[in-house]
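Be aware that the sequence shown starts at 291, since it is given in our numbering, and climbs by one per residue.
No lab work stands behind these hints, which were simulated from the structure alone. Be a bit skeptical, because a hint or two may be false.
[As the list claims (entries may be wrong)] DEER-style ranges, computed between Cβ atoms:
no. : residue 1 : residue 2 : range
1   : P483      : A453      : 18 to 28 Å
2   : H305      : S496      : 41 to 51 Å
3   : D510      : N470      : 15 to 25 Å
4   : S333      : V471      : 17 to 27 Å
5   : S496      : D339      : 45 to 55 Å
6   : R392      : G493      : 28 to 38 Å
7   : A389      : S509      : 36 to 46 Å
8   : G345      : T449      : 18 to 28 Å
9   : S509      : S447      : 26 to 36 Å
10  : G440      : P398      : 44 to 54 Å
11  : L368      : S447      : 36 to 46 Å
12  : T485      : T449      : 24 to 34 Å
13  : E420      : P483      : 20 to 30 Å
14  : G338      : T399      : 18 to 28 Å
[Stated by the list, open to error] Below, simulated BS3-like cross-link-like pairs (lysine-lysine); rule was C-alpha separation at most 25 Å, straight line:
no. : residue 1 : residue 2
15  : K430      : K490
16  : K443      : K430
17  : K490      : K443
Keep in mind it's a predicted model, so treat the numbers as computed, not measured. Note that CB positions come from ideal geometry on N, CA and C, so glycine has one too.
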Amino acid sequence: MENARHNSSEPYVVHFPPERSIGLLYIDGGGEGAARFADGKTSAEAQGDVILFPGKHLAFMALTEYVSTKRLYDDDILYLLAVSDLDDLMLNHTDLTDAGMRHIARFPTLTYLGIESTRVTDIGLRYLQECTTLRALSLKNPIGDGVTDGGIKHLRSLTNLHALHLTRARTTDSGVEYLNVLPISRLGLDQTPITDTGLKHLGSLSHLTYLDLSQTAVSDRGMAYLGACA
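With the sequences and hints as input, model every part of the structure.
And the structure:
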């Protein structure tokens with residue numbers, strides 16, 4: 291199934307499943323005057339043989355229709371490994387599990403990863419430790435066992451991470467402490483078990499400009515700990 295990774299300056303073909311689409315490939319910034327695919331479009335369906343051109347930063351968005359011909363599964367990530375300059379992966383609302391996360395760790399230039407509403411757990415987040423190019427990670431609404439403090443601990447090596455969204459994750463005050471070594475500027479902790487105690491650890495986030503604490507147990511007393519972020 292796995293395609294060989296392309297490293298030359300010539301156009302190349304990526305072989306996706308012929309019988310179904312796993313998502314859409316977009317050229318980053320695809321708008322007026324932006325680079326386009328050979329057919330003049332800014333996006334291409336990841337189905338069958340797709341001709342790509344190196345040097346164009348690409349994003350992939352999984353399709354989320356609940357039909358068998360438009361779904362993404364763990365091993366479908368292997369098809370994407372052949373896409374050069376693939377920087378953004380949007381895999382929200384897919385059948386992705388921890389097994390698929392081991393493939394994601396092999397993308398050398400990944401800067402954005404969206405895995406909202408998937409069955410990825412702490413085990414899967416362990417594979418992200420080597421993804422040090424990541425700048426944004428969205429883990430909203432995990433399904434099943436979800437994400438706990440043990441999973442957050444694996445993110446400490448992501449020294450370029452600027453945005454992290456953990457809506458409804460089972461992250462506690464102890465888990466938040468693992469984040470104080472990161473250059474985070476945008477942090478979503480809404481609908482998590484965090485309390486005033488957890489905000490003590492966030493006071494050292496000197497780059498923080500956005501913080502969502504809606505539907506948590508945080509009070510005005512806890513907000514005082516954020517003075518160092520101002």
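>> Hints numbered earlier in the text: which of these fail when held up against the supplied structure?
In response: The structure breaks hints 4, 10 and 11; every other hint is satisfied.
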